[in-house]
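Visitor: Read off the chains here:
There are 2 protein chains.
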Amino acid sequence: MTIITAVTTHDVRFPTSLSADGSDAMNKDGDYSAAYVVIHTDDPTLSGFGFTFTIGRGNDLCTEAARQRGIPLVGLDVDVAVADLGAVYRRLNSDSQLRWLGPEKGVEHLALAAVMNAMWDLAARRANKPLWKLLTDMTPTELVDATDLKYLSDVLTRDEAIALLEELAPTRATRVAELSESGYPCYTTSAGWLGYSDEKLRRLLQEAVDQGYRHVKLKVGANVDDDYRRLGIAREVIGWDANLMIDANQVWDVPEAIEWVARLAEFEPLWIEEPTSPDDVLGHAAIRKAVAPIGVATGEHGMNRVLFKQMFQAEAIDFCQLDSARLGSVNEILAVYLMAKKFGVPVCPHAGGVGLCELVQHLSIFDYVAVSGSLDGRVTEYVDHLHEHFTAPCIVENGAYLLPTAAGYSAEMYQSTVDEYSFPSGSYWASVAPEVQAQPVIEHYLA
Amino acid sequence: MTIITAVTTHDVRFPTSLSADGSDAMNKDGDYSAAYVVIHTDDPTLSGFGFTFTIGRGNDLCTEAARQRGIPLVGLDVDVAVADLGAVYRRLNSDSQLRWLGPEKGVEHLALAAVMNAMWDLAARRANKPLWKLLTDMTPTELVDATDLKYLSDVLTRDEAIALLEELAPTRATRVAELSESGYPCYTTSAGWLGYSDEKLRRLLQEAVDQGYRHVKLKVGANVDDDYRRLGIAREVIGWDANLMIDANQVWDVPEAIEWVARLAEFEPLWIEEPTSPDDVLGHAAIRKAVAPIGVATGEHGMNRVLFKQMFQAEAIDFCQLDSARLGSVNEILAVYLMAKKFGVPVCPHAGGVGLCELVQHLSIFDYVAVSGSLDGRVTEYVDHLHEHFTAPCIVENGAYLLPTAAGYSAEMYQSTVDEYSFPSGSYWASVAPEVQAQPVIEHYLA
Chain A
532 MTIITAVTTH DVRFPTSLSA DGSDAMNKDG DYSAAYVVIH TDDPTLSGFG FTFTIGRGND
592 LCTEAARQRG IPLVGLDVDV AVADLGAVYR RLNSDSQLRW LGPEKGVEHL ALAAVMNAMW
652 DLAARRANKP LWKLLTDMTP TELVDATDLK YLSDVLTRDE AIALLEELAP TRATRVAELS
712 ESGYPCYTTS AGWLGYSDEK LRRLLQEAVD QGYRHVKLKV GANVDDDYRR LGIAREVIGW
772 DANLMIDANQ VWDVPEAIEW VARLAEFEPL WIEEPTSPDD VLGHAAIRKA VAPIGVATGE
832 HGMNRVLFKQ MFQAEAIDFC QLDSARLGSV NEILAVYLMA KKFGVPVCPH AGGVGLCELV
892 QHLSIFDYVA VSGSLDGRVT EYVDHLHEHF TAPCIVENGA YLLPTAAGYS AEMYQSTVDE
952 YSFPSGSYWA SVAPEVQAQP VIEHYLA
Chain B
532 MTIITAVTTH DVRFPTSLSA DGSDAMNKDG DYSAAYVVIH TDDPTLSGFG FTFTIGRGND
592 LCTEAARQRG IPLVGLDVDV AVADLGAVYR RLNSDSQLRW LGPEKGVEHL ALAAVMNAMW
652 DLAARRANKP LWKLLTDMTP TELVDATDLK YLSDVLTRDE AIALLEELAP TRATRVAELS
712 ESGYPCYTTS AGWLGYSDEK LRRLLQEAVD QGYRHVKLKV GANVDDDYRR LGIAREVIGW
772 DANLMIDANQ VWDVPEAIEW VARLAEFEPL WIEEPTSPDD VLGHAAIRKA VAPIGVATGE
832 HGMNRVLFKQ MFQAEAIDFC QLDSARLGSV NEILAVYLMA KKFGVPVCPH AGGVGLCELV
892 QHLSIFDYVA VSGSLDGRVT EYVDHLHEHF TAPCIVENGA YLLPTAAGYS AEMYQSTVDE
952 YSFPSGSYWA SVAPEVQAQP VIEHYLA
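Read top to bottom, the protein sequences are chains A and B. One point on numbering: in my numbering, the residue at position 34 of the first sequence is 565, and numbering is uninterrupted. One point on numbering: in my numbering, the residue at position 233 of the second sequence is 764, and numbering is uninterrupted.
No lab work stands behind these hints: they were computed from the structure. Check the hints yourself; a few may be wrong.
Where chains are identical, the list cannot tell them apart; a pair therefore holds if satisfied intra-copy or between any two copies.
Below, computed lysine-lysine pairings styled on DSBU-like, alpha-carbon distance capped at 30 Å [to be verified]:
hint : residue 1 : residue 2
1    : Lys-660   : Lys-681
2    : Lys-731   : Lys-820
3    : Lys-681   : Lys-559
4    : Lys-873   : Lys-681
5    : Lys-873   : Lys-820
6    : Lys-559   : Lys-731
7    : Lys-873   : Lys-559
8    : Lys-681   : Lys-731
Treat the numbers as computed from the prediction; the structure is a model and nothing was measured.
Please construct the entire structure, taking both the sequences and the accompanying hints into account.
Guide: Structure below.
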């Protein structure tokens with residue numbers, strides 16, 4: 532018998548604001564961060580690793596919330612827990628006092644994601660399989676038992692969910708073999724951050740084309756004339772056969788979104804991403820009607836499955852960009868994939884940040900193998916930074932994620948990274964000048 | 532010149548779980564708590580007091596989030612700040628790193644509410660007026676300058692908002708005089724907690740009738756046969772002319788809500804409150820269609836103005852129950868009142884908890900005087916507990932809130948209360964046995 536002995540948490544922050552990586556119209560100075568969770572067992576060779584992703588300040592709150600969320604795990608028999616991760620999820624998520632702080636949104640839900648991501652990592656390691664393999668080896672009933680269907684029965688019952696998964700169960704192996712050859716297609720946002728000069732943009736776009744990407748994404752929304760010029764540069768470099776996506780990071784009201792996108796329509800973007808508040812289901816539906824045939828994409832701030840249910844019901848989006856560290860881990864993500872299948876909406880997960888690429892590759896593979904069975908309209912985000920901190924980083928070749936082979940959810944960071952970037956006492960943060968060290972706490976306010 | 536010198540925060544928790552006060556189908560063991568904020572100035576006679584409300588665990592996170600949110604206030608000139616509370620709100624709310632943790636929801640938004648509630652309290656004290664009077668003395672333009680209209684322009688423009696307020700501006704004094712006579716009508720939830728016995732329920736309902744209440748509310752949703760019996764008792768005691776409301780605290784899926792309410796329809800409830808997930812706009816719209824003429828009410832967990840915008844657009848609710856400590860204080864609440872006016876939906880604020888009654892009385896008075904000009908379908912919640920901890924508690928007589936006369940937002944607690952109930956080091960928590968002291972942290976998990 533192997534027992535969970537402790538859950539430790541770490542506030543890990545990378546000083547990405549110094550290089551404008553990740554800059555967009557809403558988020559100008561993010562320090563990419565992880566509220567990092569380690570589930571320890573009495574077997575020194577077995578731990579689970581997980582995290583949620585934030586952009587700096589407040590990562591301490593997520594870390595402390597994750598510590599509190601993890602308390603009930605201590606003392607559990609690992610094999611009992613991993614045999615019913617639906618029960619573990621419900622136990623953590625049903626704490627009514629913590630539920631009041633959401634429910635199922637904000638810091639508390641991010642913390643739940645961090646802890647349950649570590650539990651799924653632990654389960655996959657215990658089975659000695661990469662997470663995608665753990666999932667694709669589960670029966671339809673086992674998968675649905677792990678899925679949070681609460682509040683969804685008006686669009687998806689348990690029986691429907693099982694039936695959806697049974698459709699593709701007999702042919703899963705074929706699609707695993709196919710992805711082993713080709714990988715899962717991805718696109719790059721690395722070229723398009725708003726803080727980059729035109730020259731850097733042009734150079735990075737050319738690099739993306741040379742690396743085999745068929746999709747690139749640019750940030751927009753700060754200044755429409757700048758956007759017009761940058762999209763022109765993009766089409767010059769990538770041509771008109773490749774796909775160009777644009778991302779406004781929630782800066783517009785609904786009428787403004789419609790107007791702004793019309794101005795950029797001649798560049799034929801595949802989608803406009805996050806045109807307005809991520810909570811505005813009816814707003815996205817209105818924008819979608821107005822900007823067609825340009826698609827509408829959103830989801831990286833989609834707080835929970837109830838929001839996605841409504842996005843599907845209202846026909847508000849063409850692309851579902853769920854986030855692997857914002858939804859309540861695999862338990863809630865499965866529900867979104869199943870609803871997306873029912874409503875015929877492709878899921879193109881949000882990634883980038885720190886470690887999100889490592890997570891979402893498993894989800895996209897699982898989706899193709901077991902849920903959607905399709906690559907049509909599907910392409911998963913990839914951003915080329917901070918992978919060096921992970922013990923089993925994702926590998927992208929010719930614009931596709933290769934199938935991960937290491938056991939787990941690819942979420943483990945090097946201990947040296949944790950030691951260096953823990954805030955504020957890690958060796959990096961302790962070494963910088965006090966003004967810089969204080970930056971994630973108050974610099975923003977002094978600007 | 533008076534300067535803000537410090538913002539202090541306090542994790543105040545009351546052991547209400549010991550008496551089952553506040554028990555409902557979702558929340559069985561709440562310890563009513565406040566993340567309490569004091570804004571200090573260099574004038575020892577002038578401070579601002581505010582809070583957000585939680586039910587126990589996680590109040591520490593809200594308190595720390597409020598501390599961080601308050602940092603930019605230190606050093607501000609009080610008169611400059613209170614002259615443009617819209618600017619203060621935008622400054623705090625636009626922190627992009629903290630925004631990532633919501634946006635505008637969960638722990639971070641509760642913390643914003645706590646800090647801005649204290650700023651509005653400070654502004655009213657500076658003007659030596661109760662908050663309702665501060666607001667009703669502001670011009671339409673001043674009010675709209677303080678209102679957060681971001682993401683709302685598809686339903687309410689700035690010009691429309693000003694025009695709405697100008698309608699009633701000339702006649703405000705008449706309605707102030709009227710409320711000075713009659714007070715603002717309220718209803719009581721004190722009788723109806725789910726943890727109470729039938730005998731206690733019957734006794735408390737009779738007391739409510741004797742005290743002049745024309746509306747009472749019962750918790751439902753744990754067991755339909757129990758609900759049927761309890762509603763029968765309620766009608767026996769209050770008769771059929773008084774109004775009976777029921778509250779399910781989010782326990783149902785949409786189809787279940789429709790079925791359960793049908794079973795209770797013979798008792799002719801005025802509304803069913805929180806029938807399902809507070810995020811489910813389209814679900815509430817479906818329930819509303821199915822259960823009419825019973826009304827649908829929700830809002831105490833309504834996370835922000837974008838959610839309420841959609842509730843109005845989708846015709847999902849008959850009663851809007853905004854929460855004074857969950858929305859971003861008066862700045863965001865004004866936006867919801869203005870939209871409610873435009874869509875013709877009465878606002879009946881959520882209260883109870885600790886201190887919420889103290890806050891909402893000001894909002895309801897302001898609404899009648901300056902926004903809606905109507906009492907039709909409007910009744911504000913009142914729960915009779917924990918008022919003794921406030922220096923200027925609300926006063927209810929004959930089922931109506933009397934107009935508050937003390938300067939401020941009625942949010943100040945006695946220092947002795949803060950000293951006694953601060954968690955875990957206050958004199959109450961320090962005095963109880965260690966097992967009980969630990970209860971708010973882990974007792975739930977041990978059950």
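Visitor: It remains to establish, for every hint, whether it holds in the given structure.
Guide: A quick look at each hint next to the structure:
1. In the homo-oligomer, the alpha carbons of Lys-660 and Lys-681 lie at most 30 Å apart inside one protomer (29 Å), although the nearest pairing across protomers, at 47 Å, exceeds that limit.
2. In this assembly of identical chains, Lys-731 and Lys-820 lie within 30 Å of each other by CA distance neither inside one copy nor across copies; the values are 35 Å within and 55 Å between.
3. In this homomeric assembly, Lys-681 and Lys-559 come within 30 Å of each other (Cα to Cα) only across copies, at 19 Å, whereas the closest approach inside a single copy is 37 Å.
4. Taking the shortest Cα distances, Lys-873 and Lys-681 sit within 30 Å of each other inside one copy (17 Å), while across copies they are farther apart (33 Å).
5. Taking the shortest alpha-carbon separations for Lys-873 and Lys-820, both the intra-copy value of 21 Å and the inter-copy value of 25 Å come in at or below 30 Å.
6. Taking identical chains as interchangeable, the C-alpha atoms of Lys-559 and Lys-731 lie at most 30 Å apart only when both belong to the same chain, with a minimum of 17 Å there against 57 Å between chains.
7. For a Cα distance limit of 30 Å, the shortest separation of Lys-873 from Lys-559 qualifies neither inside one copy, at 37 Å, nor across copies, at 36 Å.
8. Proximity of Lys-681 to Lys-731 under the C-alpha cut-off of 30 Å is found in neither arrangement, the shortest distances being 47 Å within a copy and 33 Å between copies.
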